[in-house]
Amino acid sequence: MKLRINFHPALRWPPIVWVLLTLMAIGFTVAMVRFALGIGPISNLNNAYGWGFWISFDLFTGVAISSGGFIMAGLVYILQIKELKPLLRPSVLTAFIGYLMVAIALLVDLGHPERIWYMLIYWNHTSVLLEIGICVMSYLTVLAIEFAPVVFEGMKWEKPAHFVHKFIMPFVIFGVVLSTLHQSSLGSLLLIQMTKLHPLWWTPILPVMFFTSALSIGLSMIIFESSLSSRYFKRGLEIHLLEKLARAIPYTAGTYLVLKLADLAFAGELGLLFTSGTMSLLFWAEILLGCIAPIVLFSMQKVRQSPNGLLAGAIITLLGMILNRFNVSWFGIARLNDPGYAPSLVEMSISVAIFSAGILAFGLAAKYLPLFDAEEHTHNAVSAPATGD
Amino acid sequence: MTKQYAYIFDATRCIDCRACMIACSVENNVEMGESYIWLAGAGVMGEYPNLKRASMPYHCMHCIEPDCASACPVGAWNKREDGPVVYEADKCIGCRYCMNACPFQVPNFDWNKGVFEGAFIRKCTMCTQRLEVGQVPACVHTCPTDALKFGERADLIAEAHARIDANPERYINHVYGEFENGGTSYLILSHVPFSELGLPEMPETPVLEVSEAVMEGTIPFALAWGTVLTGVAIGVNQMNKKKEAAAPVAAEKETEAKS
Ligand code: SF4
Ligand code: SF4
Ligand code: SF4
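As given, the protein sequences belong to chains D and S, one line each in that order. Numbering of the first sequence is given in the working numbering, commencing with residue 1 and proceeding in unit increments. Numbering of the second sequence is given in the working numbering, commencing with residue 390 and proceeding in unit increments.
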């Protein structure tokens, strides 16, 4: 008798899926404990650190790395740079998933997640957080609309896809306005911490700084994610397009650098660059990685035209600018009596789980939805008249 | 005009007995470790026989321009006309932005309560329930040395300056809270630098000014930005249409040139 083993189809999923699912399960369990017993038992947050890893990573980093969506929508729809179109769908999807991740993370972080909709009925018009809340909720809706045609196409519903496409412009413009607002408002969120946030970072132009750095982050994120997905899904890399985006990064990073130094000089605080110990170090790390390195790297054609160069440059920029988000929302804030705070592994497992869910969602969408074949369409469109001749 | 109440705390009179904390925890029915005030300050300083004591029950400052109230997205904080900054638990979503916004690091959070019990912000209330029946806050009532006193803010400021003038060698010549953060309803007299009592150095302009000014500009900015983008979108569209109209001619020329 022959032994026949039939693997259940689920067991044939690639191992990465199993890893992601495991991480999600761990985070889910921790979240349940958190809802039952409170935030204290699963995290190291305390009264001096009401906001910690979750806010710096899930909110500040999460929103920043989702900025590619509005940048691409602006470039393709408003400025009508049609050749960039192949990058549009993946960026909009990244943004949509990114914002969903932010929303889910906030539900874990809020003391009263069941009351999140109170933001819609009780308006305190002086609150920056209210503005961010409203913008993020509205922008999630806009992203859903922007992404809907892809889903409809995937389901072969040509008519609704066409319908949404026809009326997309007002939503795109609304989306860009909303993004400009909340990307910069994340910086405004810290304006009220004037006496606590280190003067290397606190400036009345925090919103401008945040918007400028969001541009660098968004562009790098598109490069990063296209590079990775082309590697994983073994499809062609749109180097000629990414090269164009990379060319813009020295300008956004340069603007940030000039604004930052001018602002410090104007406030007469340039000395802080060298006299603030750890803070100076953190600041320099952020500026070197997030501004100076990309200006140097992406000014070189050789870097911009090599897949590895693009990916490395994008990762360095992201590291630097994400460090900036951690600096302003956590490391750079002075506490009155400081009991200290380091996030616990259990606390971070929730962010890891949400991130894993995001990666899985992107992977599934890439597999089952027409996410990447827009380029073939345009190629066909370009080559069609030629064959017609 | 209604009276605006305030406290005055005189650090030279505080003997670190912590009766105020016990009174607070009893009055507000919270555990001792979770009373709305805590002891701040450097404790006993100096070398024998020149010892100094620096301690203070750290209260909410009941700011005249409260940053917590400016920051809260759902408006759960309210500065009452008669002085106290009060918190409406029924509105609170638990975002903890008030904790971050408060420059005095006053609001505390129920870290060990889940969603069923309900996790809220805890902070000194100025014992509004006692004010209503004409009593002074429990901590003030209990203080055995009159280090804590309660009354109308203007009167207390006058009294503070009178105390300094009567004993200039005993006090630092400054009433903390008269102007800090735009003025607070918890005033402090001290014989040691205020930082020894755990108090931050504060500007006289309220901290919330910059952020509220930016918020006021938000809607006009959004409208202007939306208009600009719409203009750009229409302009680019027109330009491309013109180009497309001209394109076939160019293409023809090209083919002509090729042939
Ligand atoms: S005024 Fe009342 S609530 Fe505030 S510290 Fe004193 S006893 Fe506690
Ligand atoms: S001290 Fe803090 S909590 Fe109290 S009123 Fe001022 S800002 Fe609000
Ligand atoms: S935790 Fe509650 S009171 Fe504090 S800012 Fe958030 S909603 Fe307002």
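Keep in mind that a hint or two might mislead.
27 Å max Cα-Cα, derived DSSO-like pairs, lysine-lysine [said to hold, decoys possible]:
| # | chain 1 | residue 1 | chain 2 | residue 2 |
| --- | --- | --- | --- | --- |
| 1 | D | Lys244 | D | Lys82 |
| 2 | S | Lys632 | D | Lys244 |
| 3 | S | Lys502 | D | Lys166 |
Since the hints were made in silico from the structure, they are not lab data.
Each hint, compared with the structure:
A hinted pair counts as satisfied when its Cα atoms are at most 27 Å apart, and D:Lys244 with D:Lys82 qualifies at roughly 13 Å. Simply put, S:Lys632 and D:Lys244 have alpha-carbon atoms about 22 Å apart, close enough for the 27 Å limit, and the pair holds. For a cut-off of 27 Å, the pair hint linking S:Lys502 to D:Lys166 is broken: about 50 Å separates their Cα positions.
Of the hints listed earlier, the one the structure fails to meet is number 3.
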